[in-house]
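Asker: So the protein sequences, as listed, match chains A, B and C.
Residues 1158 to 1380 (the working numbering) make up the first sequence, in order.
Residues 1434 to 1578 (the working numbering) make up the second sequence, in order.
Residues 3 to 318 (the working numbering) make up the third sequence, in order.
Everything labelled a hint here was simulated from the structure, so no lab data went into it.
There may be inaccurate statements among the hints.
[As the list claims (entries may be wrong)] With the C-beta cut set under 10 angstroms, the calculated list includes, among others, these residues of chain A facing chain C:
hint, residue
1, Cys-1309
2, Ala-1310
3, Gly-1320
4, Thr-1321
Glycine is no exception: its CB is placed at the ideal position from the N, C-alpha and C atoms.
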Amino acid sequence: MIVAEQKPILELVNKLRGHKNVLLIGCATCVAECAVGGEREVEILAPALRMAMQVDGNPIQIRTKTLERQCEWEFVEEISDIIPQVDAVLSIACGIGVQAVAERFSEIPVYPGVNTTALAIREEPGLWTVRCAACGDCILDETGGFCPVARCAKSLMNGPCGGTRKDGKCEVDENVDCVWRLIVEKAQSRGTLETLMKIRKTKDWSNSRHGGPKRIVREDLQT
Amino acid sequence: MDQDTRTGSFKPEIVVLCCQHCISPKFDLKSNITDASGLMKLRLEVMPCSSKVETAHLLKIFEQGVDGIEVVVCPVNQCRFLVGSARAKKRIEYARSLLDQIGMGADRIGMDQGKGLKFPQLLELASKRAKTVLSLGPNPMKGGK
Amino acid sequence: MSVKVETRLEQVLANGQFAVTVEVGPPRGPDPEMIQKKAAYLHGIADAYNVTDNQTAVVRMSSIAGSKILLDQGIEPVMQVVCRDRNRIAIQSDLLGANALGIRNCLCLSGDHQSASAGGKLNGHPGAKNVYDIDSIQLLSIVKGLRDDAVQDGGDSISPAASFFIGAAWTPLAVPEDFRIMRLAKKIKAGADFIQTQAVYDIARFAEVVKKAHEQGLTEQVAILPGIIVPRSAGMLKYMNANVPGIEVPDKMISRMKSASDPRAEGIKVAVELVNAVREIPGVRGVHLQAIEAEELLPEVIETAGLLPRPKLEEN
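Chain A with its partners taken away, still in its complex shape:
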């Protein structure tokens, strides 16, 4: 899922200073899964922000709502009756949700309350690790199901580099496995090590963000 991380309270206070009535909206999908923007987090952030703004000397009224998904127009529409009653929106959805709300309700400022950071999996409670980099050219079968684009600090196609630590972790982060070590070990266990001798050619990054702002059209689904 798309994962995001909390912005520090102080940063949110700086953003909201000057507003009197704010709508705090959560999203019950990805950001709820990573415990940063769901209903539960709305219930935590609303009192926290009211108190922080009080301490800041700028008391504020905060209304709350959690939408099923902020990236769908039909759900975003659900706040249309509240918008005239507030002077700003603070969205703790991912960047997509924030933009959907901002685009639909262009008359008032919409502030992002979290930093969207990765496409990740929850490995265990409290731990999310990246899995996908949306490179647009998936070759996961060639690397035993381990993505070198997202999980190698250098996105090597012909790794590992010389920076694999003795314990098999990445030189850049002692908590992160060297993904190429994982790829090699998988190939070894499957007896397919020879496939890693193939020189993987330069990657075509053009089907990702690098090729320009993404626009996907499916004519079969257009009305």
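With chain A fixed as given, assemble chains B and C onto it according to the hints.
Answerer: Showing chains B and C alone in chain A's frame:
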């Protein structure tokens, strides 16, 4: 909403959230719980397990103007629901870090372990919290929103 | 091994002579004088001189500029190229530019991640965007393509063909060890003509790996030059042993440096012993000496190891 913070007129409002299994069966929960010392205003809430503590719940208590919260939990390896007090500990730590970011002071909330407690011990824990809170001053949320 | 480019380094190796390369770190500033000074006292002690490319992700004078300055001092450079900061367009462009300036040895590396910032000792630029458009093996293929086929990655031609003696790095002792020899073979297939390895301190371990490479015929296809970093202190060795992947330092060597009354002299002794030891390993065709921020130690090491004077060549 100026409150007199450092003189004797500040009587902290302290809420004690106590797991029912920390309390001695000999302690009558319905008995009159007052603090004769006059140090604080005390409210005791009993929970079926300390894991009922949720971060949002703690923040909302502070939002109402309470000055300090003392959470009493069973020792970590004695929680009859196994992980209840361990979870409470994490949530309280999180609430502390939020209070710190908010600028209200992490020490407004804390946790202690106990078993077979009677009123005098609960009072002592609450008083300790009250004394810490005295130096932090009254909750800025006092006097309504 | 047929001579393709005729750099001094290539010729020495082709003649079967034991090659010596050293590393020169460019300054953290725009003044060429520092490199000119180093060139002066390092003149004649090596066959080629590596100029690092923003090593440990710290901004220094570029390796192409540093290489050109060395060239102007009558010294043959090896331009190091990392993949961290430049995409395939910029790298190919710099390679053409390097050739135009007379630089004809290059070393292809992936490069330390930008979070390295000199091991935390400097601010660096940990917030910089990650490029890594290509990796070191793709880079080897690209340089080979520019040289042997006069073609860029992507198919456009260049005219005339580029002219590079191509180097790659090798860290034989890093995890997963079994794969490191395969990776060496891959680098050779991609285009590596010579190899400079991560610093060697444990001769037995290194010899074991080179033996395997030798048995597979790899040492015929590529010239292996083990890297040797002159030790300055026991602390330095301990740090590298614990923190630098692929560097293994025997305890005996650490205690030897610790109990040395003159660490500078002892470090030089150790380096000389290492040079002499790697010379004995079949398949090793030279040595790559480094003395980080202390290049002035190199002449003494090389001389004491009996590697001077460097061979005279017919041309050049």
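Asker: Tell me the numbers of any earlier hints that the structure contravenes, in ascending order.
Answerer: none
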